[in-house]
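Heads up: the sequence lines are chains A and B, in that order.
Residues 0 to 324 in numbering that gives the first Met the number 0 are what the first sequence spells out, letter by letter.
Residues 0 to 261 in numbering that gives the first Met the number 0 are what the second sequence spells out, letter by letter.
Hints should not be assumed to be uniformly reliable.
[Stated by the list, open to error] Only part of the chain B face toward chain A is listed, based on derived beta-carbon distances under 10 Å: (1) 24; (2) 28; (3) 213.
[Claimed, not checked] From the derived model, a few chain B residues whose C-beta atoms are all more than 12 Å from chain A: (4) 44; (5) 150; (6) 168; (7) 193.
In short, the hints are calculated from the structure, not lab data.
The model shown is predicted, which means the values in this text are computed figures rather than measured ones.
For glycine and all other residues, C-beta sits at the position ideal for the given N, C-alpha and C.
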Amino acid sequence: MRLAKAILLRLLFGVVSLIFITFVAFIADELAPGDAATVRAGEKATLAQIERLRRDMGLDRPWHVRYVETLGKMSRGDFGESYLGIREPVIDIIKRNLPMTMRLAMVAILLAVTIGLTLGTLAAIYENRGADRAVLTLSTFGVTVPAFVLGPLLAILFNNYLNDYIYGSFGVYVADSWSTNRKQADWLYLILPVVVLSARPAAMLTRLTRASMIETMQQEFIRTAIAKGVPFRRLVIKHALRNAILPVVTATGTSFGFLLTGSFVTESFFLLPGLGRETIEAIKQTNAPVVQGCIIVTGLMFLAINLIVDLLLPALDPRIREAQV
Amino acid sequence: MAGLSFVVLLIAFAVLYPIFGPDPLKTGPPFQPPSGDHLLGTDELGRDILSRLAAGARISLFVGIVVQMIALTVGITMGTLGVFSPTWLRNVVNRFTDGMFAFPDILLAMLIIGVWSTGVIPVIVALSITSWPGVARLVATQLASLKDREYVAAARAAGASTRYLILKHILPQLWGILLAVSMVDMAGTILAESTLSFLGIGVQPPTPSWGSMINNARGDMNSHPVLLVWPCVLLSITIFALNFVGDGLRARFDPKNNSREA
Numbered sequence: 000m001r002l003a004k005a006i007l008l009r010l011l012f013g014v015v016s017l018i019f020i021t022f023v024a025f026i027a028d029e030l031a032p033g034d035a036a037t038v039r040a041g042e043k044a045t046l047a048q049i050e051r052l053r054r055d056m057g058l059d060r061p062w063h064v065r066y067v068e069t070l071g072k073m074s075r076g077d078f079g080e081s082y083l084g085i086r087e088p089v090i091d092i093i094k095r096n097l098p099m100t101m102r103l104a105m106v107a108i109l110l111a112v113t114i115g116l117t118l119g120t121l122a123a124i125y126e127n128r129g130a131d132r133a134v135l136t137l138s139t140f141g142v143t144v145p146a147f148v149l150g151p152l153l154a155i156l157f158n159n160y161l162n163d164y165i166y167g168s169f170g171v172y173v174a175d176s177w178s179t180n181r182k183q184a185d186w187l188y189l190i191l192p193v194v195v196l197s198a199r200p201a202a203m204l205t206r207l208t209r210a211s212m213i214e215t216m217q218q219e220f221i222r223t224a225i226a227k228g229v230p231f232r233r234l235v236i237k238h239a240l241r242n243a244i245l246p247v248v249t250a251t252g253t254s255f256g257f258l259l260t261g262s263f264v265t266e267s268f269f270l271l272p273g274l275g276r277e278t279i280e281a282i283k284q285t286n287a288p289v290v291q292g293c294i295i296v297t298g299l300m301f302l303a304i305n306l307i308v309d310l311l312l313p314a315l316d317p318r319i320r321e322a323q324v
Numbered sequence: 000m001a002g003l004s005f006v007v008l009l010i011a012f013a014v015l016y017p018i019f020g021p022d023p024l025k026t027g028p029p030f031q032p033p034s035g036d037h038l039l040g041t042d043e044l045g046r047d048i049l050s051r052l053a054a055g056a057r058i059s060l061f062v063g064i065v066v067q068m069i070a071l072t073v074g075i076t077m078g079t080l081g082v083f084s085p086t087w088l089r090n091v092v093n094r095f096t097d098g099m100f101a102f103p104d105i106l107l108a109m110l111i112i113g114v115w116s117t118g119v120i121p122v123i124v125a126l127s128i129t130s131w132p133g134v135a136r137l138v139a140t141q142l143a144s145l146k147d148r149e150y151v152a153a154a155r156a157a158g159a160s161t162r163y164l165i166l167k168h169i170l171p172q173l174w175g176i177l178l179a180v181s182m183v184d185m186a187g188t189i190l191a192e193s194t195l196s197f198l199g200i201g202v203q204p205p206t207p208s209w210g211s212m213i214n215n216a217r218g219d220m221n222s223h224p225v226l227l228v229w230p231c232v233l234l235s236i237t238i239f240a241l242n243f244v245g246d247g248l249r250a251r252f253d254p255k256n257n258s259r260e261a
């Protein structure tokens with residue numbers, strides 16, 4: 000029963016965070032100069048015309064009434080329409096761009112978790128020896144070198160030096176951009192973006208796994224297992240890693256936030272048609288409804304991942320499960 | 000030490016070089032190799048690369064320092080209010096801090112810039128709003144552990160008011176660790192500023208910044224990779240160095256420092 004209550008509380012917290020995000024997005028738009036009426040009226044409109052339009056669109060009502068109305072619309076998938084071009088509904092823009100961002104993010108987080116667990120465990124086993132030092136140095140670079148530095152450097156490297164070599168071996172141009180030269184299968188264009196995107200989360204998860212594994216390996220039950228003669232591979236994977244993995248799971252949720260940041264940069268740099276690039280374009284064109292919609296959806300993804308992670312923890316850790324039953 | 004010397008050198012470079020060096024906005028023959036006039040050569044519009052790097056360092060350091068000052072001021076105030084204030088205010092402040100902490104900060108910064116404007120001031124405001132919750136939380140946890148120490152009780156028994164206690168006895172204990180944290184946070188701020196400028200929604204041309212230099216150099220990256228390499232290397236080393244300095248300070252000031260920290 001306690002577990003059900005905890006899950007319910009967590010869900011409630013998710014809903015509150017969601018409302019917080021929409022509220023911040025709404026208020027930010029409210030405080031910004033210009034509104035939908037000014038944009039729709041066009042540049043030649045007089046003040047009186049704008050005022051009339053504002054009344055017709057219901058923008059003269061108090062803000063809390065409009066906020067509740069906006070919430071209602073959003074829950075039906077209505078995020079307003081773009082200020083520019085053919086006034087395309089924002090939800091269509093999101094639907095068109097979301098798959099690319101999702102695909103990038105999912106592949107990148109999988110790669111980051113795989114790299115993080117493998118390298119982190121290796122470093123912990125070889126603590127303070129060569130392999131450990133190498134992994135630590137690599138992960139320091141991963142944390143400090145930003146995505147928009149890594150992206151160009153890798154692109155130069157591949158375009159100028161490595162591409163012909165790799166093309167000769169595998170028949171694949173790795174650093175090809177999405178929009179210009181589409182001769183290969185879709186996923187091949189995603190190799191470099193995914194590598195760039197996952198570098199930072201991978202490095203952070205590596206460091207965390209290492210620290211957590213080292214701590215676990217020093218505990219009594221590991222000594223007992225060694226004394227019992229448990230084979231080393233089984234000891235590391237079944238005994239130590241299963242215990243050390245919990246903080247890593249939690250951090251995977253938070254590192255998803257870095258992934259979102261990275262996706263703005265990566266999609267812009269590699270010219271991928273995703274939500275991140277769309278957001279940046281909209282910000283440059285001061286297209287407020289699109290900015291708002293994209294950011295709310297991105298925030299929603301962040302919340303959803305963290306919710307899943309938090310709900311997953313009791314399933315992975317019997318201690319949490321039993322403490323709450 | 001290496002980190003600290005680099006930071007000092009960078010500040011000197013940012014402050015002094017623009018006085019002697021060529022004008023970073025003056026155009027001329029493009030893609031010149033390094034020479035006596037242009038120590039690192041010129042970019043795609045014939046502007047002096049070293050001058051632009053110095054001007055970019057100015058902007059980055061300025062944004063970093065201003066944002067951290069604001070973050071420290073707001074963070075210390077909120078953190079103190081979160082421990083020493085009436086219960087209702089304490090709850091409001093702490094819940095607000097938690098909410099801001101949980102919000103992915105780059106999204107908030109982009110939202111602010113997106114509905115407001117691009118440029119140095121919006122970037123500073125956006126990054127300040129997103130960077131104080133970390134400081135507030137640190138101050139709150141430290142204060143909560145310090146406020147029950149014997150020396151605080153002794154000062155209280157001697158008739159010190161809460162205000163005097165906080166200002167004279169408790170906060171001075173925190174300067175070291177706060178300095179360490181703001182160094183690491185400043186690296187984050189500089190990174191965020193260059194990210195926004197790289198994306199074209201931060202510092203706007205013609206003002207040079209590392210992020211926009213990286214973005215501009217992209218067009219010629221296959222023929223002139225050097226243009227891209229300089230700002231990339233400088234930015235990475237700066238972030239590296241600030242993190243080093245911060246870690247060094249933390250090791251010195253935090254008695255509970257754990258060298259195995261992730």
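* Checked against the structure, which of the hints given earlier come out wrong? -> 1, 2 and 7
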